[in-house]
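Based on the provided sequences and hints, a complete structural model is requested.
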Amino acid sequence: MNMQFSQAAGLPTSSKASPIHVSALTKVFRTRTGDEVMALADTTFKIAGGEFVSIVGPSGCGKSTVMRIIAGLIDASKGAVLLGKDVVTAPSPEIGIAFQKAVLLPWLTVARNIALPAELEGRKSEAEIAARVEQLLAMVRLTGVGQRYPGELSGGMQQRVSIARALMTEPSVLLMDEPFGALDALTREHMHDELLAIWEYSHPTVVFITHDIAEAVYLSDRVLVMAARPGRVVADIRIDLPRPRQADIRGEARFARLGAEIRALIPH
Amino acid sequence: MTDEKAGGTAAIAATLAGLQNSRLGTITQQVTIKILQLLGGILAWELLVQGLDVDPRIVPGPAEVLQSLWALTISGILIGAIWITMQETVIGFVIGAVLGIGLAVILSEVPVLKAILQPYIVALQAVPKVAVAPLFLIWFGFGMESKIALVISILFFPVLVNTMAGLESTSEEQMELMKAYRATRWQTLLRVKAYVALPFVFAAFEVSLVLALTAAVVAELLGSGTLVGLGTLIKIYDARMNSAGIFAVLIVLSVLGVALHAIVVAASRHFLSWSRPV
Numbered sequence: 000m001n002m003q004f005s006q007a008a009g010l011p012t013s014s015k016a017s018p019i020h021v022s023a024l025t026k027v028f029r030t031r032t033g034d035e036v037m038a039l040a041d042t043t044f045k046i047a048g049g050e051f052v053s054i055v056g057p058s059g060c061g062k063s064t065v066m067r068i069i070a071g072l073i074d075a076s077k078g079a080v081l082l083g084k085d086v087v088t089a090p091s092p093e094i095g096i097a098f099q100k101a102v103l104l105p106w107l108t109v110a111r112n113i114a115l116p117a118e119l120e121g122r123k124s125e126a127e128i129a130a131r132v133e134q135l136l137a138m139v140r141l142t143g144v145g146q147r148y149p150g151e152l153s154g155g156m157q158q159r160v161s162i163a164r165a166l167m168t169e170p171s172v173l174l175m176d177e178p179f180g181a182l183d184a185l186t187r188e189h190m191h192d193e194l195l196a197i198w199e200y201s202h203p204t205v206v207f208i209t210h211d212i213a214e215a216v217y218l219s220d221r222v223l224v225m226a227a228r229p230g231r232v233v234a235d236i237r238i239d240l241p242r243p244r245q246a247d248i249r250g251e252a253r254f255a256r257l258g259a260e261i262r263a264l265i266p267h
Numbered sequence: 000m001t002d003e004k005a006g007g008t009a010a011i012a013a014t015l016a017g018l019q020n021s022r023l024g025t026i027t028q029q030v031t032i033k034i035l036q037l038l039g040g041i042l043a044w045e046l047l048v049q050g051l052d053v054d055p056r057i058v059p060g061p062a063e064v065l066q067s068l069w070a071l072t073i074s075g076i077l078i079g080a081i082w083i084t085m086q087e088t089v090i091g092f093v094i095g096a097v098l099g100i101g102l103a104v105i106l107s108e109v110p111v112l113k114a115i116l117q118p119y120i121v122a123l124q125a126v127p128k129v130a131v132a133p134l135f136l137i138w139f140g141f142g143m144e145s146k147i148a149l150v151i152s153i154l155f156f157p158v159l160v161n162t163m164a165g166l167e168s169t170s171e172e173q174m175e176l177m178k179a180y181r182a183t184r185w186q187t188l189l190r191v192k193a194y195v196a197l198p199f200v201f202a203a204f205e206v207s208l209v210l211a212l213t214a215a216v217v218a219e220l221l222g223s224g225t226l227v228g229l230g231t232l233i234k235i236y237d238a239r240m241n242s243a244g245i246f247a248v249l250i251v252l253s254v255l256g257v258a259l260h261a262i263v264v265a266a267s268r269h270f271l272s273w274s275r276p277v
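Protein sequence lines, in the order shown, are assigned to chains A and B. So for the first sequence, numbering that gives the first Met the number 0 puts the first residue at 0; every next one is plus one. So for the second sequence, numbering that gives the first Met the number 0 puts the first residue at 0; every next one is plus one.
Certain hints may be false.
[As the list claims (entries may be wrong)] Straight-line Cα separation of at most 16 Å, EDC-like style, residue types lysine to aspartate or glutamate; simulated pairs:
| no. | chain 1 | residue 1 | chain 2 | residue 2 |
| --- | --- | --- | --- | --- |
| 1 | B | K178 | A | E93 |
| 2 | A | K100 | B | E172 |
| 3 | A | K15 | A | E93 |
| 4 | B | K178 | A | E120 |
| 5 | A | K45 | A | E188 |
Derived from the structure by calculation, the hints contain no laboratory data.
So, in structure tokens, the structure goes:
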């Protein structure tokens, strides 16, 4: 485990991360033609504070919808999400979020993009923000590119910037929607270890959406498997591989077994 | 001289030639082309006028026009006229742009207001502004105000419509990002929408600044008091059947139009450097 980077993250060592309780969540979307589509049907699960949970499933199974409701970006049709003791009705300051696309603002430098959540919040001083940005740049291995513009970076670099931005406010809950989907295999494996280093250090609660089963197994304490039409959780698999995880675990039999078990649960 | 030496000399010569080609060479080349274009145009003009034996009171030759231009310049009349017309154009441009952008922001932030005003905007936009100029003369008199009013009316709608389109062209992802990080409405406007709208605003500027100059001249043609702008000059020469004088003013207007356009293009390059593909 790369402790140097987790130190650089400067996150608090004691985890006070909030648990997440998703309770009987239903989400119905209305399409343009007036049809109703049930994206989520009566979905219930709990995530303990500081737990790393991945959600896998085929496209259209509502995994992104669950995450967006937890993030307070959209409302549920029925049911509720508890973040700690509070019902989620709007985006919470406790949450850091990384989207499928990097969604960087092209008119801001990389440094200002990373600083954005803190600037919007307006609580940290300029010097504090600058120092934190430097830490985060080092952590995602982008030291020295702070003054460049997003348009000058590769897709992988842009995605790392967006992950640094998600960590800017030292969130106790990290929501990630297929954040590594666009990265090449090597960068992706590297980012797995970086993410685990950050997580080991400060133990935020992580909800990680992916369709990559091996990625889910490597990273998580638990993997929730979802099915589509209607979207629901069909399995809850505990990943009892030892931590800290190391790259060579990918070659072990029990790693492959867990992957196969999850794959068998995903409907085609 | 040995072969080796000759080779060395040739290499140096080639390097020098390369240097000239790369930087100074291209500039000299471009300037030469521009001068040749200009001289060629003037020559063609002169040949046409002489060859077709055109009456100089209808289409004057280049010599007469240049003479007029020179006389206008040294008398100081031209500078005075440029100053008047540029004031009308630039003041009208600034006010029109501020009003257009301001209303665009208000309408895009308050959809109810937009719904109420939309039909009026469409209707007013359809009115040919030049046709309203006589009214402006009645309302604001023969001074600079009526000219500025026409410039504003010509500029206002393209800026308003483009800015509104720009403010509404944020992506869903950008809005979601701002929502997730609990940005206030004001923060979203200043930190995202304003930047997304900027290319649209500059596009409107590029189109409408030259229109603004036209509006100022047209307003002067329709009626001006003691202030002598470039349009007024044209009117005076027209009354005297002085085509060479009119041509001289037209050349000045053309140069001013190109200069104003170049300023907007330079400003948009400067402010939109981030949006250029790398």
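Status of the hints after comparison with the structure:
1. Under the criterion of a C-alpha separation no larger than 16 Å, the hint pairing K178/B with E93/A is consistent with the structure, at around 14 Å.
2. At most 16 Å may separate the alpha-carbon atoms for a hinted pair to count; K100/A and E172/B meet this at roughly 8 Å.
3. With a CA separation close to 11 Å, the supplied pair K15/A and E93/A stays within the 16 Å bound.
4. With a C-alpha separation of about 12 Å, the suggested pair K178/B and E120/A falls inside the 16 Å cut-off, and the hint holds.
5. Straight-line distance between C-alpha atoms of K45/A and E188/A comes to about 28 Å, which puts the hinted pair past the 16 Å bound.
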